[in-house]
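*Asks:* Residue strings, one per chain:
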Amino acid sequence: DVKVTQSSRYLVKRTGEKVFLECVQDMDHENMFWYRQDPGLGLRLIYFSYDVKMKEKGDIPEGYSVSREKKERFSLILESASTNQTSMYLCASSFSAGADGYTFGSGTRLTVV
Amino acid sequence: AQSVTQPDIHITVSEGASLELRCNYSYGATPYLFWYVQSPGQGLQLLLKYFSGDTLVQGIKGFEAEFKRSQSSFNLRKPSVHWSDAAEYFCAVGATSGTYKYIFGTGTRLKVLA
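Respectively, the protein sequence lines represent chains A and B.
Here the first sequence is numbered in our numbering, starting from 1 and rising by one per residue.
Here the second sequence is numbered in our numbering, starting from 1001 and rising by one per residue.
Think of the hints as simulated: they come from the structure by calculation, not from any bench.
A few of these clues could be false.
Computed cross-link-like contacts, DSSO-like style, restricted to lysine-lysine with a CA-CA straight-line distance of at most 30 Å [stated by the list, open to error]:
id : chain 1 : residue 1 : chain 2 : residue 2
1  : A       : Lys71     : B       : Lys1068
2  : A       : Lys53     : A       : Lys3
3  : B       : Lys1111   : A       : Lys55
4  : A       : Lys13     : A       : Lys3
5  : A       : Lys70     : B       : Lys1049
Chain B regions said to be covered by chain A (calculated; three or more residues, Cβ under 8 Å) [to be verified]:
id : segment
6  : 1019–1027
7  : 1054–1065
Cβ atoms here follow ideal geometry from the backbone N, Cα and C, with glycine treated the same way.
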């Protein structure tokens, strides 16, 4: 069964901490994405990557960075966590053509206190 | 630029009743169209997709959706809802060229009454 695995389901961090959210896919997908999900706002794209070491900003990149050193792994970094970054974070991956849809991970619920 | 609208934030139906969730999109051509379902605390699971051909597409869990170009709609339907269908449903649209990003609607939360 194909999978996108997010390393943590729940995470609690303190304001100002540097936070790493990890995502690994085993489908040899070219594209990987990080979304955050908040009630009433749906899914908002933070960053995406279409190849190793390549990245592009999404709609809400401020306060975040990403790293993709290997094809299967895409990391989201909160440089200095703030309470307004408390959210559900979803990782997804897809083949480059885009017609097959995304495969999502189970999500990481991050709370910043 | 493409966009997608799900006009219903919440829908409540009785178990065994039929269901239709609405999705309207804006795009210059026929886009890729998707419906996803999200159970509480989980990621999103693909229910079905459309990108060409027959405008009525079948998906998993007994769901179907119909693409109507004239109405720019891609509504999700199920003839008889089960209590386990209670979840949040997201419509998504993707461009057929130039980008791999999808735009998601804000979701419709379905409640099923026993």
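*Asks:* State for each hint whether it applies.
*Replies:* Hint by hint, here is what the structure shows:
Distance check on the hinted pair: Lys71 of chain A and Lys1068 of chain B sit about 37 Å apart at the alpha-carbon level, beyond 30 Å; violated. With a C-alpha separation of about 21 Å, the suggested pairing of Lys53 of chain A with Lys3 of chain A holds against the 30 Å cut-off. With a C-alpha separation of about 38 Å, the suggested pair Lys1111 of chain B and Lys55 of chain A falls outside the 30 Å cut-off, and the hint is violated. Restraint check for Lys13 of chain A and Lys3 of chain A: satisfied, since their Cα atoms lie roughly 26 Å apart, inside the 30 Å limit.
Pair hint Lys70 of chain A plus Lys1049 of chain B holds up; C-alpha atoms about 29 Å apart against a cutoff of 30 Å. Here the segment 1019–1027 of chain B counts 0 residues with a CB under 8 Å from a CB of chain A, which misses the bar of 3, and the coverage is violated. Counting residues of the segment 1054–1065 of chain B whose CB lies closer than 8 Å to any CB of chain A gives 0, which falls below the minimum of 3, so the coverage claim is violated.
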